[in-house]
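Asker: Each chain, letter by letter, is given below.
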Amino acid sequence: MSSVTRPALYSETIRERWRRPRFRGELAGATATAEDVNPLCGDRVRMQVTLQDGRVSAARFVGDSCAICTASADVLSELIEGRSRAEASALGAGDVLEILRADVRPTRMRCVTLPISVLAKALA
Amino acid sequence: MTLDAQTRRDFPILERIVNGRPLVYLDSAASSQKPRTVIEAMARYYETSHANVHRSIHTLGEEATELYEIARDRVQRFIGAAAREEIVFTRGTTDAISIVAEAVGRTLKPGDEILVTDMEHHSNLVPWQVAARDRGARIRSVPLVGEGTLDLAALDRLLTDRTRVFAFAHVSNVLGTINPVAELAARARRVGALSLVDGAQAIPHLLLDMSVLGCDFYAFSAHKMLGPTGLGVLYGRRALLEALEPARGGSEMIKEVWVDRATWNDLPWRFEPGTPPIAETVGLTAAVEYLEKLGMERVREHEQALAVQTVDLLSAIPGVRIYGPRRERGAVVAFSVDGWHPHDVAAALDAEGIAVRAGHHCAQPLMRWCGVVGTSRASFSVYNSSEEVALLAHAVASLGAAL
Chain A
1 MSSVTRPALY SETIRERWRR PRFRGELAGA TATAEDVNPL CGDRVRMQVT
51 LQDGRVSAAR FVGDSCAICT ASADVLSELI EGRSRAEASA LGAGDVLEIL
101 RADVRPTRMR CVTLPISVLA KALA
Chain B
1 MTLDAQTRRD FPILERIVNG RPLVYLDSAA SSQKPRTVIE AMARYYETSH
51 ANVHRSIHTL GEEATELYEI ARDRVQRFIG AAAREEIVFT RGTTDAISIV
101 AEAVGRTLKP GDEILVTDME HHSNLVPWQV AARDRGARIR SVPLVGEGTL
151 DLAALDRLLT DRTRVFAFAH VSNVLGTINP VAELAARARR VGALSLVDGA
201 QAIPHLLLDM SVLGCDFYAF SAHKMLGPTG LGVLYGRRAL LEALEPARGG
251 SEMIKEVWVD RATWNDLPWR FEPGTPPIAE TVGLTAAVEY LEKLGMERVR
301 EHEQALAVQT VDLLSAIPGV RIYGPRRERG AVVAFSVDGW HPHDVAAALD
351 AEGIAVRAGH HCAQPLMRWC GVVGTSRASF SVYNSSEEVA LLAHAVASLG
401 AAL
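From first to last, the protein sequence lines are chains A and B.
Under our numbering, the first residue of the first sequence is numbered 1, with each subsequent residue one higher.
Under our numbering, the first residue of the second sequence is numbered 1, with each subsequent residue one higher.
Since the hints were derived computationally from the structure, they do not count as laboratory data.
It is possible that some hints are incorrect.
[Unchecked claim] Simulated restraints, written as ranges between beta carbons of each label pair:
hint : chain 1 : residue 1 : chain 2 : residue 2 : range
1    : A       : T107      : B       : G319      : 18 to 28 Å
2    : A       : E98       : B       : E292      : 55 to 65 Å
3    : B       : P180      : A       : R105      : 39 to 49 Å
[Stated by the list, open to error] From the derived model, a few chain B residues whose C-beta atoms are all more than 10 Å from chain A:
hint : residue
4    : M1
5    : E85
6    : R248
7    : S385
No experiment lies behind these values; they were computed from the predicted model shown.
Every residue, glycine too, gets a C-beta built ideally from N, C-alpha and C.
Pulled out of the complex, with its shape left as it was, chain B reads as follows:
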């Protein structure tokens, strides 16, 4: 049985009719849909166990705290982290990156460099720009070559003893390029730089093992991996998190407070000020369990097949251009259609019930490299089928003179 045949009925939203057609949801890279188990787990939590975590000495508070901390254990296991202290809950990928950028930012000196790449999402650029701005630090960037892969030869020149952080995406949200994280992290370490990986587009699709990747920090969001919005994860190597001075204060992150000073709580709570998104962590546990049950190798295989089918079908249509590597790629395919603006393509596909993303995908430097203002983008998850890819290709092929 194909993966979609097994999973499709688990996602209530896929029964929707959009503009008179069954919904074809090809925008999971922006946000995935949620299986019933995630929705029900969150509802059940609110109906039976909700209270604030960690400081409530009563039954509900204890239940909520236990569920919250169980989520941490599940995430730790899911990504192969060495310890639960290495899993910090955040509001999303952007927030996770910002926590590191703010903390590292305070230690930057004039002449220090932050290395990024030309394929980064704005969320892995702007926090570093803000961090570097007032400290006289400089942003440098790894250029792209060929079909849209990092210029690894340029890395020798760019990664130097001035580099404090090398921040890069695991999988490009536009090109689908899968970057060699282990190699990049190792090369960063060799010059004494920290490595931070934006894993937002990798976590829903790849089997991850932090001990193999070897990066210092890894950031991702729950809502792209079948979980709820408003929750993200920052993985950080324990020794590094220990050494990092938290840039944000609040309730959960302290040990003891005086009016003019405070001492910090232990890891991981030190980086979790304020009441966290508790129900969302319960939803994330259900999402992780759902993905583990399917098996991430199978998920990867299914989505890779859909992406390659999309590349093949779309590139056979006259006037359609595909961006990114043709074969080895993540679950996104960005494309453009001659004579059509990407937003008009998306509107025309929406009229057929097909949801795709259009625009700059929060990657304007990359758009400039591609030589376009924006693209249309189809992206896939466990519930998408080969038939849906065929529907997309048919709809794109028949755009014709509709405009």
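Excised from the complex, chain A in its bound form:
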């Protein structure tokens, strides 16, 4: 029962991104922003990007969300910086999961995909 013997709940990447997200915060001068909630749990994520000459020059997220969702938003923000609008829009759950190196259960997949669908709204 002790926390010493318990295997980690999530992958090292998820835990690291939850504890110390690199892309969390407000983005001053964002040119595209969208926000949505996960109806399952009420989690809320806002994705903010700055588009320059059709490319994402900066991305940040803010949100009230679980470890998986926060890690997904953080990784997604990192992934899209420097990409064209089309490249960023084409990213899917598989791309994020590959970096999270996590076997996410079906009940939690919406935690991974919420930031992705919010980004799609922002870039639409």
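Dock chain B against chain A, hints included.
Answerer: This is chain B only, laid out in the frame that chain A set:
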């Protein structure tokens, strides 16, 4: 003997091993587990007596009809209703509330008001919003005070001659607050408003007597009271059900049909269109018999003790916050852990074989009042033990730096 020692072996699912640990099921407020008698009664019905009810002139049809109507009598007695005509079978609590909201909704006029409370489950909010939407009626809500009880002083201001319906929960599915139904129903009646009580979280835990509560409508689900899913009950005072024009049509609810019109069947069938969940009513009969055998006072005492033990143990853990009244409460305890999202808490507890609920519990207005997106929630039934509460507290205390 404690109640759990007596009941535990009656619930086959409690033998499950989850993630290498014996299952600790603390999510009965979402849906309770079923005793063997319920499971077997339903299987026996399908193996020996199944047919459609009411219109089958053959042996099986008669047996099925008899079992279906016996369930109604058992429920009537269980909740102290005055007549069997006052028991309408529905698909669940949400459905029962919707039946009233749809029927009353057609009579709403601009300026009419529906009064709800800030602690309602979405199922006792959205049907009223839908009903009010196109009729120019308005939704008002009773705020909460203190540890999460209704602001009864505000009620004088909110409950007026414009109020058509006062809809409120008997027991909050998050805070565990037990609302004074008799008082609230009486105050509604004084201004000429109907009272509808969402009893989903009360029926599994409290001894109910409709003649004492005095409300006009009372809704609950079978699956939270050791019975099967897909079945609920709408209790309604007979005179009111008589006066209510059914909003849903179908086979069982008619007396005579022409291509362009129909006359309605008698109560309670008037509100039961279509083939009902028959096996489920057989299961509900078994569930009611099981609870009656235990005695609802004993059930209440057992679950109240578990809830209070949970409040005491969890609130002693640094960084853990408890929601709702500390003492007088139903069989649910919602809590949050500093630095942890409720879903991550639930996932970590699941790794220990402990099932709790996490999220907004379909009560987002209440979550806003609590100032959180969601909470984790432990809830109890007749089969839960003091040892299980201790396991929960230990697991929460050792969450530590796992994330």
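Asker: So, for every hint listed, does it hold in this structure?
Answerer: Hint by hint, here is what the structure shows:
1. Distance hint check: the CB atoms of A:T107 and B:G319 are about 26 Å apart, consistent with the given range 18 to 28 Å.
2. For A:E98 paired with B:E292, a C-beta distance near 56 Å keeps the hint of 55 to 65 Å intact.
3. Remark: the range hint 39 to 49 Å for B:P180 to A:R105 is upheld by a beta-carbon distance near 42 Å.
4. B:M1, annotated as away from the interface, keeps every beta carbon of chain A farther than 10 Å; the closest lies near 27 Å.
5. For B:E85, the condition that its CB be more than 10 Å from all CB atoms of chain A holds, with the nearest at approximately 39 Å.
6. The beta carbon of B:R248 is kept farther than 10 Å from every beta carbon of chain A, the shortest such distance being approximately 26 Å.
7. A cut-off of 10 Å between C-beta atoms confirms that B:S385 is not in contact with chain A; the least separation is 17 Å.
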